[in-house]
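K.L.:
One-letter residues, chain by chain:
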Amino acid sequence: MTLKVIVKGKTQGKILKTNMPINFLGSVDKKTGIINDNRHDLTGKSLKDTILVFPHGVGSSVGAYTIYSLKSNNSAPLAMICKKVDLTVASGCALANIPLVIATEQEYDQLEDGKQVTLDAESGKIL
Amino acid sequence: MELTKEEELALKGEYGETLETAYRILVATGEATNAEKLVPIKWAHLSGANYNTIGDAGEEFLSKLSQSAKVKVMTTVNPIGFDFEKISGYKISDEFIKKQQSIVQSYQKIGITPSFSCIPYEIFDLPQKGTQVSFAESNAAIYANSIANLKTNKESSFSALASALTGKSPYSDLRINDKPNLTIRMKLERPDEMTFGMLGYFAGKIADNSVSISGVSEMDKRSCKSLCGGMGTSGRCGKFVLGEGTSDSEKVDFDKKEMQKIYDELNTSDRGDLITLGSPQLGLEEMSSLSSMLKGRSFKKRCMVFCPRAVQEQARKLGYTNGLEHAGCEILSDCCTCLTPLIGKDDVDSVTTNSIKGAYYLRNSNGVSVNLKSLPQIIKDETK
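In order, the protein sequence lines correspond to chains A and B. For the first sequence, this note's numbering gives the first residue as 1, with consecutive numbering after it. For the second sequence, this note's numbering gives the first residue as 1, with consecutive numbering after it.
Any given hint could turn out to be false.
Computed from the model, here is a short list of chain A residues facing chain B with C-beta under 7 Å [what the hints assert, rightly or not]:
1) Met1
2) Gly9
3) Ser69
4) Ser72
If you are wondering where the hints come from, they were derived from the structure by calculation, not from laboratory data. Note that CB positions come from ideal geometry on N, CA and C, so glycine has one too.
Let the hints inform the model, and build the full structure from the sequences given.
P.N.:
So, in structure tokens, the structure goes:
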């Protein structure tokens, strides 16, 4: 698969996948990277050092600061893969230098939670 | 996305680190929205001034940025955490005050207009129809597109900041095509501002970038702002158009059942320990109408009223604040119901408000229960 690259970079890690959108301002602890919204299916899990796969971001535009804070606090995902990109996630990842790619519906469905992968967000490949 | 030679050089860092960062953000958001180019914008409105939301990392980022950055266009900014003129009587830690002060200073150093308001459209002269702007506050972006005839995407804190520093924004989405592909048929009669807020909240959940709303002939300012606030809270939609929409657009009804679902989601208490009015902050028109409604009455419990500093000053001159204070209102500026540290679960269990946006954040961020009531109902029940 060739994914659309929004923020470049190369990394490897384990996929953490959800089919629920993420509200970074409201649902993520910016110090620890733990999802603290008990209505979210990732509640209690940490985004730290994962390849975070989620449909798209929702909620406040200030969520971009949360993404930046996660990086500053060493609690950020290694990379993010979305189906649709919103400006909050795109700008947050751009400032924090977190690789970000967009997957098509089909590509998204092939990504398995817990799987170890190498993401090349230069050429847009997952190995 | 195609960049001009100058923009390429800026992205490569030829004009310093600040512009390199700003262009990096614009390129990412441009690629994300399939923009072909950047276009000039006339006005940026930033979110991310409240220490409560941006935290230490945000404070440090802005402090570093302010050492070299300057805005290129008129730039206004969202509310901060509290009112510096009314610190006493509220529990705010010295640490919070210090960090909030630093954020304010950083913004002023980069040349923003210290508006600290989420309703820039009510306190500044609006540019001419069709002007491209860059608004990160969601209710303001929706108002700008839907009522003020301006053009903006529903920007993020950083995309609007990048626009402020460069005077540009990716030419995409609502800046080019704002035709709705969904019509929401309003089926409720005699709606009040809360109904409009819930209509907005419903629309935000299901609409894409833009939505038509039929069955609404007119809205007063309070209802219109409530709709913009509700819509901005729940989703990504950045514009509404009143009307039937095109014949091929999908149609969805907003009826009693749908409204009840939203009411049950947001209303979590049948009473409040205190009352808050203003999210979005109240404008002059609303301050005037509130003072008339409160004539000869006084609140039986605390009532916090949030409005921009500029509005409070005008309202003071016109005598409205006198009436409000007489009725027991605490008038607070530069901050808002949403995300203020002034309302905490250690002090109150529940809050009464007519704001749909406020209800969402009070529950999710402040951790308190919410009692939703329209303004006339609040005045009927909570004053004597």
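K.L.:
Taking the hints in turn, state whether each one holds.
P.N.:
Here is what the structure says about each hint:
{"no.": "1", "hint": "Met1", "result": "violated (18 Å)"}
{"no.": "2", "hint": "Gly9", "result": "violated (12 Å)"}
{"no.": "3", "hint": "Ser69", "result": "holds (4 Å)"}
{"no.": "4", "hint": "Ser72", "result": "holds (4 Å)"}
Hints 1, 2 from the earlier list are contradicted by this structure; the remaining hints agree with it.
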